[in-house]
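K.L.:
Listed below, chain by chain, are the residues.
Number of protein chains: 2
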Amino acid sequence: MQFVINRDRFVHSVQHVSKAVSSRTTIPILTGIKIVATKEGVTLTGSDSDISIESFIPTEENDKVLVEVLEEGSIVLQAKYFAEIVKKLPEGQIELSVQDQFATTIRSGSAVFNLNGLDPEEYPRLPQVEEHHVFRLPQDLLKNIIRQTGFAVSTQETRPVLTGVNLTVENEELICTATDSHRLAMRKAKIETNNTELHFENVVIPGKSLSELSKVLEETDQLIDVVVTESQVLFRLNNLLFFSRLLDGKYPVTKNMIPTHSKTEFKIKTKPFLQTLERALLLSREGKNNVINLKTLEEGEIEITSITPEIGKVTEKIKSSDLSGEDLRISFNGKNVIDALKVVDSEEIHIVFTGAMSPFVVRPTEHDLALHLFSPVRTY
Amino acid sequence: MQFVINRDRFVHSVQHVSKAVSSRTTIPILTGIKIVATKEGVTLTGSDSDISIESFIPTEENDKVLVEVLEEGSIVLQAKYFAEIVKKLPEGQIELSVQDQFATTIRSGSAVFNLNGLDPEEYPRLPQVEEHHVFRLPQDLLKNIIRQTGFAVSTQETRPVLTGVNLTVENEELICTATDSHRLAMRKAKIETNNTELHFENVVIPGKSLSELSKVLEETDQLIDVVVTESQVLFRLNNLLFFSRLLDGKYPVTKNMIPTHSKTEFKIKTKPFLQTLERALLLSREGKNNVINLKTLEEGEIEITSITPEIGKVTEKIKSSDLSGEDLRISFNGKNVIDALKVVDSEEIHIVFTGAMSPFVVRPTEHDLALHLFSPVRTY
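Top line first, the protein sequences correspond to chains A and B.
Position 372, counted from 1, in the first sequence is what my numbering calls 372; the numbers after and before it change by one each time, with no gaps.
Position 313, counted from 1, in the second sequence is what my numbering calls 313; the numbers after and before it change by one each time, with no gaps.
Some hints here could point you the wrong way.
Same chains, same label: a pair holds when it works inside one copy or across any pair of copies.
Stated by the list, open to error - Here are the simulated PhoX-like cross-link-like pairs (lysine-lysine), alpha carbons at most 20 Å apart as the crow flies:
no. : residue 1 : residue 2
1   : LYS250    : LYS313
2   : LYS335    : LYS88
3   : LYS295    : LYS80
4   : LYS342    : LYS19
5   : LYS88     : LYS64
6   : LYS317    : LYS208
7   : LYS335    : LYS80
8   : LYS188    : LYS263
9   : LYS88     : LYS319
10  : LYS255    : LYS190
11  : LYS87     : LYS271
12  : LYS88     : LYS313
13  : LYS317    : LYS88
14  : LYS88     : LYS342
15  : LYS313    : LYS80
16  : LYS80     : LYS215
17  : LYS342    : LYS87
The hints are simulated quantities; they were obtained by calculation from the structure and are not laboratory data.
If you're wondering where the values come from, they're calculated on a predicted model, not measured in any experiment.
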């Protein structure tokens with residue numbers, strides 16, 4: 001194998017596929033990045049067997065030569081060293097060549113690296129996905145959906161299926177749901193599909209996969225293909241394939257958890273409310289339960305308090321609008337509500353309570369595509 | 001005690017004095033920040049008994065009212081909470097008042113924090129320094145000197161005196177020296193003083209103190225006073241006092257360590273040489289000794305190599321100028337040389353070797369105010 005490649009583009013691709021490489025893998029070959037050169041260009045692959053990322057660099061793009069392949073072939077190089085080396089190479093062009101016994105030479109300017117490569121035949125093949133369930137949505141929208149739901153997945157392995165985000169598609173609408181059983185985040189979005197009958201549920205993508213995917217997604221409305229199979233999901237962008245395994249197990253039916261009645265409700269400006277809660281959180285951390293108390297007062301005022309007995313307490317009053325229903329005192333995990341308010345894309349929210357001991361719902365007032373559900377905390 | 005204070009200025013001062021507060025202190029009162037209000041303004045103090053920082057906010061500055069003191073007094077508040085609280089307060093003004101039993105109220109807008117304060121009488125007094133040994137230098141120059149020497153202090157407690165930077169003053173010149181016994185960094189600077197006879201040596205300031213001091217220094221040529229006593233040093237800026245204890249023990253005499261003869265020497269451009277070494281370091285880390293090899297070639301070329309047997313090796317040739325003396329092969333700790341080249345403020349350096357097993361010296365070619373000394377590494 002021998003090729004000369006544009007350094008910046010190579011670095012970019014190596015950084016992408018490196019995101020899938022774990023140094024803690026038990027499969028030695030997976031500590032490497034696979035490099036394949038063909039007449040069409042160079043393909044890089046990284047994988048930790050949960051996530052696999054493949055990035056392709058074509059020989060030409062927009063009339064610019066990116067790669068000149070002098071000899072086809074393949075090699076696997078240690079990701080840890082390889083990624084750092086390409087970043088630090090001095091010139092705009094890199095020459096990579098493989099000799100006998102996987103001995104690999106990387107040249108750029110006057111720098112010459114001789115690396116011991118690994119046998120590319122040992123590298124596992126990427127999953128083959130059948131393209132029955134395919135839909136498309138803009139890249140920036142997907143990035144936003146991940147931001148608005150991914151934070152709510154469970155970090156505990158007691159119920160593994162809750163460490164993922166559940167995807168449901170019906171009536172050309174995607175519904176993403178994440179819950180750790182104390183809070184729930186839901187986000188809907190319109191999708192594009194050739195099959196208007198496309199329908200599936202219980203497709204659970206590990207939260208970790210989505211947070212890695214989010215790092216390679218860009219702020220553009222270019223469409224991304226999502227291909228769903230029995231055990232894998234594939235996100236296909238321009239020259240990039242991102243595979244993730246799906247989580248086994250039955251995701252809980254969350255539809256029925258969302259209360260439809262109201263005992264107390266109000267609207268409030270998102271940002272001032274978030275800042276009030278952040279101040280209250282300063283004195284609610286000691287017991288590690290982040291308890292913040294909310295109380296409705298006269299004339300639409302809301303009182304937020306928290307206390308750490310040894311240190312002190314904080315009290316703040318904030319104006320709501322359209323306050324109606326019964327008087328309310330409720331305590332909740334302030335950190336959970338803050339997490340949600342940080343990702344709400346609406347200047348105002350609508351909060352509906354169903355009693356001091358029952359879940360409450362936060363919705364944006366500007367659209368009905370998102371919902372956050374919280375369990376209260378018993379404080380006695 | 002009761003005062004109303006400009007929030008931004010208060011936050012700025014609290015952040016400064018917080019740098020001296022350690023959460024791991026064995027003296028409970030030192031987990032707090034002392035606040036004293038007088039007719040002149042508000043003084044904040046933080047200390048971990050090694051470092052003490054005092055910041056003063058005058059009632060007025062440049063015709064702008066900063067503090068309105070309604071009642072004089074003092075209090076100590078838990079630094080951890082207090083610093084976070086003032087940062088997050090909603091309005092431009094903060095009211096702080098102390099009631100009975102050190103109960104303290106902080107108000108800003110609609111936010112009210114009630115904190116349990118500590119007895120200010122328990123707070124230790126700052127050291128009293130006699131101002132016999134005083135000199136002045138620009139703030140930005142001091143910041144630069146710290147950057148150019150502080151990295152070379154020892155991080156090991158086996159010889160505590162080497163964890164500090166040694167200050168010597170003679171003939172209105174300051175000489176700062178740091179060494180961990182494998183490398184040495186020295187920086188000289190002209191100082192201003194009213195006593196042209198000012199002379200001292202063996203004043204050793206802990207490296208940690210200097211790195212904290214560096215964070216409060218700004219990029220301005222405003223002069224800073226340095227007051228040296230038997231056991232303390234005081235840095236006095238506009239409205240800020242920074243005290244540090246000095247390290248006990250005899251600092252080694254480093255003057256005689258610096259070789260005066262030369263067996264091989266050359267000049268080389270700092271940045272390309274630094275980048276070459278950084279590439280070589282990529283393959284010299286495995287053994288944790290960071291060994292890089294240097295070899296002189298024909299026609300002023302220098303060859304830099306490093307090797308990690310399991311991974312591979314790197315070779316790079318780089319042009320030097322004015323190469324003279326014997327042929328040389330030498331190995332050294334590449335990380336140490338890289339640390340020094342990063343702080344050299346000269347486009348070109350002059351390296352003088354005294355043999356493969358003897359120390360070598362790096363000097364800027366543009367001035368003679370700095371010097372770096374390195375021991376070679378035996379590789380056989």
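K.L.:
Against each hint, give a clear statement of whether it holds in the structure.
P.N.:
Outcome of the hint check:
no.	hint	verdict
1	LYS250 - LYS313	neither (43 Å within a copy, 51 Å between copies)
2	LYS335 - LYS88	between (41 Å within a copy, 16 Å between copies)
3	LYS295 - LYS80	neither (53 Å within a copy, 28 Å between copies)
4	LYS342 - LYS19	neither (26 Å within a copy, 29 Å between copies)
5	LYS88 - LYS64	neither (23 Å within a copy, 51 Å between copies)
6	LYS317 - LYS208	neither (38 Å within a copy, 43 Å between copies)
7	LYS335 - LYS80	between (36 Å within a copy, 19 Å between copies)
8	LYS188 - LYS263	neither (26 Å within a copy, 74 Å between copies)
9	LYS88 - LYS319	between (55 Å within a copy, 19 Å between copies)
10	LYS255 - LYS190	within (19 Å within a copy, 74 Å between copies)
11	LYS87 - LYS271	between (40 Å within a copy, 16 Å between copies)
12	LYS88 - LYS313	between (52 Å within a copy, 15 Å between copies)
13	LYS317 - LYS88	between (54 Å within a copy, 16 Å between copies)
14	LYS88 - LYS342	between (37 Å within a copy, 16 Å between copies)
15	LYS313 - LYS80	between (48 Å within a copy, 15 Å between copies)
16	LYS80 - LYS215	within (19 Å within a copy, 33 Å between copies)
17	LYS342 - LYS87	between (34 Å within a copy, 18 Å between copies)
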